[in-house]
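Engineer: One-letter residues, chain by chain:
There are 2 protein chains.
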Amino acid sequence: MNEEFLNRLRAAVGAANVLTDGDLSAWEQDWRKRTRGKALAVVRPGSTEEVAAVVRACAESGTPLVPQGGNTGLVVGGVPDESGREIVLSLTRLNKVRGIDPANLTMTVDAGCVLQNLQQAAEQAGLLFPLSLAAEGSCTIGGNLATNAGGTQVLRYGNTRELCLGLEVVTAQGEVWSGLSGLRKDNTGYDLRDLFIGSEGTLGVITGATMKLYPLPAATLTAWAAVPSLEAAVKLLGLAQKHLGAGLTGFEVMGQFALALVDKHYPQLRVPLFREFPYCVLLENSDTESEEHARGAFERLLETALEDGCVADAVVAENIAQAHGLWHIRESIPLAQAEEGLNIKHDISLPVSRIPTYCAETDALLQKEIPGVRLVNFGHLGDGNLHYNVQAPEGGDMKAFLREHEERVNTLVYDQVKRFDGSISAEHGIGGLKVGKLPEYKSKVAIGMMQALKKALDPKDILNPGRVVPR
Amino acid sequence: MNEEFLNRLRAAVGAANVLTDGDLSAWEQDWRKRTRGKALAVVRPGSTEEVAAVVRACAESGTPLVPQGGNTGLVVGGVPDESGREIVLSLTRLNKVRGIDPANLTMTVDAGCVLQNLQQAAEQAGLLFPLSLAAEGSCTIGGNLATNAGGTQVLRYGNTRELCLGLEVVTAQGEVWSGLSGLRKDNTGYDLRDLFIGSEGTLGVITGATMKLYPLPAATLTAWAAVPSLEAAVKLLGLAQKHLGAGLTGFEVMGQFALALVDKHYPQLRVPLFREFPYCVLLENSDTESEEHARGAFERLLETALEDGCVADAVVAENIAQAHGLWHIRESIPLAQAEEGLNIKHDISLPVSRIPTYCAETDALLQKEIPGVRLVNFGHLGDGNLHYNVQAPEGGDMKAFLREHEERVNTLVYDQVKRFDGSISAEHGIGGLKVGKLPEYKSKVAIGMMQALKKALDPKDILNPGRVVPR
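As you go down the protein sequences, you meet chains A and B in turn. Counting in the UniProt record's numbering, the first sequence runs without a single skipped number right up to 471 at its last residue. Counting in the UniProt record's numbering, the second sequence runs without a single skipped number right up to 471 at its last residue.
Fair warning: there could be bad hints in the mix.
[Claimed, not checked] Sample of chain A residues with no beta-carbon within 10 Å of chain B, all distances over it, derived:
#1 A11
#2 S25
#3 R98
#4 Q256
#5 K264
#6 E291
#7 V316
#8 E339
#9 E340
[Unchecked claim] Covered, in the sense of this in silico footprint (three residues per stretch, anywhere, with C-beta under 8 Å from a C-beta of chain A), are these stretches of chain B:
#10 243 to 250
#11 378 to 390
No lab work stands behind these hints: they were computed from the structure. Everything numeric in this text was worked out from a predicted model, so none of it was measured. All C-beta atoms in this analysis are idealised placements derived from N, C-alpha and C, irrespective of residue type, glycine included.
Go ahead and model the full structure; you've got the sequences and the hints to work with.
Structural biologist: Take a look at the structure:
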């Protein structure tokens, strides 16, 4: 039976693109090495039609499939389970830029294109594709769309969802929906595009997309501000939005302990202004006019903020190297915390206005629960998104800490998120990792609708089964 | 049976809010007076719970219902049919602003709030709610959401969809989904919000929403430019996007005949620069800094465009009165064409880059089909959205023109839209008016998915049945 099915796959995509032997860990293991599954096969179609043929073979034989892009997901949503029954449908051979339309400010691409390649393709056309995140060198746009990835420029340009105008999708029946619209307005029925975006491969397989492009800014400046409190950081955000408008393309907050870890493990990065202040903020200003204009706007903003007291001290990068240096500090926080040892990671979002109280209360509850616990708190404050990570007390046994506390810490953090009307997954998704948590933190009505939609579009439950939608 | 059902409604919302007698034309007739239906009753609940009770009564008795806001829709999607079986569920008593959160830049409101009241509530809080369209004095935000309304600032702020962060919805089963998130990032499952937005009341009844707000700009300037061709207008758009970035909040194109009609019927409006040029463009620049800065940016843009040849002549409004005057000309086009007589209206969108060729080809095809036909072509060029309206030849019998040509003209215009990868409904929706056209202009796969989704969420087909989704 399996052999007959595999032969059908081989006929569809070529025998060389149906992998069943050898080391398949690149496809079977998730990026954070939380899980190692076992695939019936790794199938690598080379065209949309081949994807459709594979899905039809799966539909007819009832074989479950897991769509996979760059396999950089953080919630175990793109690797097979341990049953050996699931195939991995790898999209990475679909890697062409189909076309760029500068007058329409759009780019139509295959799902398997690596994000960084798309940034470069846009730049070569004199335009900006603003999606940017840590995994950009290996993640694919199909994966970005399937998980509605966020990143560092959401404040200005939105999540991946907001950057997408149209999709090409292979349905659970193996039909092709050609929805590659380059339209900014289209009210001819239900919003199928946004239903597939963020569904993590459980409703259809994204094979292509039309994405928005933007003019390249004339200048981009970066500033670093020390703030006396999270309340002050929120106030600074409001001032920056007022002064810079859409020029504000980045607003990252970093707690003192997060920066202390960078300072400890990467002293050569020379973290500025963090010793005396509980939080620092990294601001980015993208200007359509000139560097001079950007600098003037930044200076007026920071003067106002200093007078107002919501900024204690600040520096503006003098040149691109300094700007990269400041961003590099921000981006080194995850690595520095890994150097420090295991920790309990969260990717939460909250209404921006409620973040200061959330953190004050939750910090205190965690200290009470685990005296000496250390918080690596940082994230995209402009989007209300915090990576609120919990590190063991200094010198403690980290493995024991995780074993003893992970479940309780998650419950405490997520219960607080619920109290403050937040989300337990801001930008990473649900996958297999958090699907068990969903019934506690999402309404029964919402989950009921999700189940109904899943059943409507994938009645045989062959697309990434068990992920995202609680059973 | 009917009486028993009506008594249940009276018990749910109060007898005074179940209208069955007298003149119900305000609810039964659509705004453009294309259709006059007959309602079993007009039901006016005063709270979300009352909406849920009404929907439960409908679900249990199998009574179809038509949700209705300000009844300003243009595609016969919010009025009952002639059967006398459908109730109108009017949301206008749900008209409270539930709260404004300035630090989070959000506003949570009842679905029945009139759009203009929300603009004013935001402004009183020192903030901007940027949704703006002709019917804003009477349309409701629930209707805007149900139809994903567009308007004049989509270029910068997006359609209603892009302005919404969360919804409260009564499902077809009469349950309440409380999805009033003030979150800019939330990846905890399927995007239910965007599925309801634009579904025109066929999947659920929107009762509340959390909408995005923005800082008020420091200055808003308006310019009027005559352009030698549509190609030049597209080029000017690209230059304006490059120079002004997100400052570009309006880019409206108006054909010479459209402006000639305004000049003919409202000579006091003094339309500038239209006699020698085939198209004029209205540009709006919203600046976070100052009027002086806005004026400088506009002047640099227009100088570049004049040198480049894509602008032939231009004026910048000197003050707010002049700016309003220019906008008033643009907004008077629909009235001027009504003064001129009946015409065949279209609300199409295309990739911006393809608009010049689309218009050249389609203009010629129409002239060939109906010699002397006149085109009232205007719209939101920045969004690729044209109101490409077809007026009878001068002096002809207009009723006869419509009778003889409407169907053929629609087919010609829409077939061309299909050839150019456009949409037959950019911002007005499908409703009952265009649902019959959908199978010709939307893919079978897409319609199949729409039908499956409708069946999944509204299995008894009680919510606005027959609208949007072809049967």
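Engineer: So, for every hint listed, does it hold in this structure?
Structural biologist: Taking the hints in turn, this is what the structure says about them:
{"no.": "1", "hint": "A11", "verdict": "holds (24 Å)"}
{"no.": "2", "hint": "S25", "verdict": "holds (27 Å)"}
{"no.": "3", "hint": "R98", "verdict": "holds (13 Å)"}
{"no.": "4", "hint": "Q256", "verdict": "holds (22 Å)"}
{"no.": "5", "hint": "K264", "verdict": "holds (30 Å)"}
{"no.": "6", "hint": "E291", "verdict": "holds (15 Å)"}
{"no.": "7", "hint": "V316", "verdict": "holds (18 Å)"}
{"no.": "8", "hint": "E339", "verdict": "holds (27 Å)"}
{"no.": "9", "hint": "E340", "verdict": "holds (26 Å)"}
{"no.": "10", "hint": "243 to 250", "verdict": "holds (count 5)"}
{"no.": "11", "hint": "378 to 390", "verdict": "holds (count 4)"}
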